[in-house]
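A.B. asks: Protein sequence lines, in the order shown, are assigned to chains A and B.
According to our numbering, the first sequence is numbered sequentially starting from 521.
According to our numbering, the second sequence is numbered sequentially starting from 521.
Derived from the structure by calculation, the hints contain no laboratory data.
Just so you know, not all the hints are guaranteed correct.
Copies of the same chain look alike in the list, so a pair counts if it works inside one copy or between any two.
Result set (DSS-like, lysine-lysine): computed pairs, CA atoms no more than 30 Å apart in a straight line [said to hold, decoys possible]:
{"id": "1", "residue 1": "K547", "residue 2": "K602"}
{"id": "2", "residue 1": "K604", "residue 2": "K550"}
{"id": "3", "residue 1": "K547", "residue 2": "K604"}
Protein chains: 2
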Amino acid sequence: MEIDYITTLGLIAGLLSTIAYLPQVIKTWKSKSASDLSWSMLITLCAGIILWLVYATYIQDIPLIAANIVTLLLASIILVLKIKYN
Amino acid sequence: MEIDYITTLGLIAGLLSTIAYLPQVIKTWKSKSASDLSWSMLITLCAGIILWLVYATYIQDIPLIAANIVTLLLASIILVLKIKYN
Chain A
521 MEIDYITTLG
531 LIAGLLSTIA
541 YLPQVIKTWK
551 SKSASDLSWS
561 MLITLCAGII
571 LWLVYATYIQ
581 DIPLIAANIV
591 TLLLASIILV
601 LKIKYN
Chain B
521 MEIDYITTLG
531 LIAGLLSTIA
541 YLPQVIKTWK
551 SKSASDLSWS
561 MLITLCAGII
571 LWLVYATYIQ
581 DIPLIAANIV
591 TLLLASIILV
601 LKIKYN
C-alpha cells in the first residue's frame with residue numbers, strides 16, 4: 521500500500537514537471553519561431569531525457585518512465601518545430 | 521558492479537538534463553529580464569522538482585536526488601531573478 525502512495529507521488533511529480541514544458545510547446549507552435557531556443561540546449565535536453573528513459577527502464581521505475589516518455593515527446597515537438605521554422 | 525554502471529548512466533542523464541537549464545539561467549542573468557518566462561511555468565516546475573526530490577528520497581535513488589537538487593537550485597535562481605527584475 522505504501523508503494524502505491526509513493527508511486528502516486530512520483531506520478532504527480534512527473535505530471536507537474538511535464539506540464540511545465542507545455543507553455544513552451546504552445547508558444548513555439550503559435551509564434552512559429554524557436555530562434556531564441558539554442559540547438560545545444562535542445563539536443564542536450566533530448567539526450568538527457570533519452571538517457572533518463574534508459575535508466576528508468578533499467579530500474580523499472582514507472583513514474584520516471586512515464587514522465588520521460590511524455591517529456592521526450594514534448595521536447596521532440598519543439599525540436600521538430602525549430603528544424604521546420606529554421 | 522552492474523548497479524554502479526546503472527548509477528553512472530543515471531548520473532550522466534542527470535548531468536545532461538541539468539546542463540540544459542544552464543543557458544536559460546545565464547540568459548536571464550545577463551538580460552536582467554525574465555518577462556518571457558511565465559509565473560505558472562516556473563512555479564509548476566519548482567513544485568514538480570520538489571515532489572521529484574521527495575519521491576527520489578523515498579526510493580533512495582542517488583542520480584534522481586542529485587539531478588533534482590541541482591535542477592531545483594537552477595530553477596530557484598531563475599525564479600529569484602524574475603522576482604527581482606519584475
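A.B. asks: Which of the stated hints cannot be reconciled with the structure, identified by number in ascending sequence?
C.D. replies: Hints that this structure does not satisfy do not exist here, as all of them hold.
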